[in-house]
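Number of protein chains: 2
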Amino acid sequence: MKGLGELERSIMDILWAENAPLTAREVGRLIEDRDLAPTTVMTVLDRLSRKGFLTRTRDGRAWRYQPAASRDAYVAELMLEALDMTGDRDAALTRFARAVSGSEAEILLKALTELEEE
Amino acid sequence: MKGLGELERSIMDILWAENAPLTAREVGRLIEDRDLAPTTVMTVLDRLSRKGFLTRTRDGRAWRYQPAASRDAYVAELMLEALDMTGDRDAALTRFARAVSGSEAEILLKALTELEEE
DNA sequence: CTCACCTCTCTACAGGACGTAGTACTACCC
DNA sequence: GGGTAGTACTACGTCCTGTAGAGAGGTGAG
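In order, the protein sequences belong to chains A and B.
Here the first sequence is numbered in the numbering used here, starting from 176 and rising by one per residue.
Here the second sequence is numbered in the numbering used here, starting from 176 and rising by one per residue.
Worth flagging that the hints you see were computed from the coordinates, not collected in a lab.
Some clues are possibly wrong.
Given that identical chains are not distinguished, each listed pair holds provided it fits within a single copy or across any two copies.
Claimed, not checked - Straight line, CA to CA, 20 Å or less: simulated SDA-like cross-link-like pairs of lysine to any residue: (1) Lys177 to Ile282; (2) Lys177 to Glu252; (3) Lys177 to Pro242; (4) Lys177 to Leu255.
As the structure is a computational prediction, the values presented were derived from the model and not from experiment.
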């Protein structure tokens, strides 16, 4: 999986936040801070769907875009990818476990113990 | 933190594997597969140290390079960085926990419970 | 019907990162 | 003193990303 650029991520953030599939125009409207040309938004949406991050379906002559995967799935995949980079996964995992803050450690712990119970 | 290119990562891998600081020539000798010009290796080592991934110290006229952080630390940091990207860290963590394979889940679990005991 | 407009697709371009390497200069060994 | 090793500086092609214009084709208002 490739990483995302800054604008690409902003746009993914918008689509992840929204629950409905959006058109390019709607996405453009939701990026207030930057004053982007409509074609810019379209181009980025197009690239994102070509990269597999977005799915699009026709709505009249417009496309509606929506994330192919949830943000959580994306983040988890990034984390696994990082983990794959190391020779010693155990060491990396241990270090990671120590680095997460307390409340998050609890979340992890809970998710893991639930797994075991299944 | 920025990501690494492919050659950059190969070189980091070599330096992470070796325990001693290496010179450019030594690194070059350890990359057999590719037939790289010595200057290529030097350039990449230089960029890596400028990016903060390597530390270098003089050894006569040559530089000796060594990783600024362990690979595990790097991997853990990448994972945390991915985690920072999400709005809902708990969801991402939960998903991550489900995605790691059984033996790794145990490693994580162990590291986490050890944390609690401290 | 016609014109303004929306949306699409295609094409383009600049800047940065990275892989790759040459050149020029210095210091050292034999 | 010439080959060797090492450095610093410069360079260039490629790919990715941000950014956007041009042109085509449908669509609603008047």
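Requested in this report: State whether the alpha carbon distance between lysine 177 and isoleucine 282 is at most 20 Å within one copy, between copies, both, or neither.
Outcome: neither (28 Å within a copy, 28 Å between copies)
Query raised in the report: How do lysine 177 and leucine 255 come out at 20 Å by Cα distance, when the copy is not named: within, between, both, or neither?
Result: both (13 Å within a copy, 17 Å between copies)
Requested in this report: Could you place lysine 177 and proline 242 in one of the four classes (within, between, both, neither) given a Cα distance threshold of 20 Å?
Outcome: Result: close within a single copy only, 15 Å intra versus 25 Å inter.
Query raised in the report: Is it within, between, both or neither when you check lysine 177 against glutamate 252 at 20 Å Cα-Cα?
Result: Cα proximity of lysine 177 and glutamate 252: in one copy and across copies (11 Å, 18 Å).
Comparing the model with each numbered hint stated earlier shows that hint 1 is the single one that does not hold.
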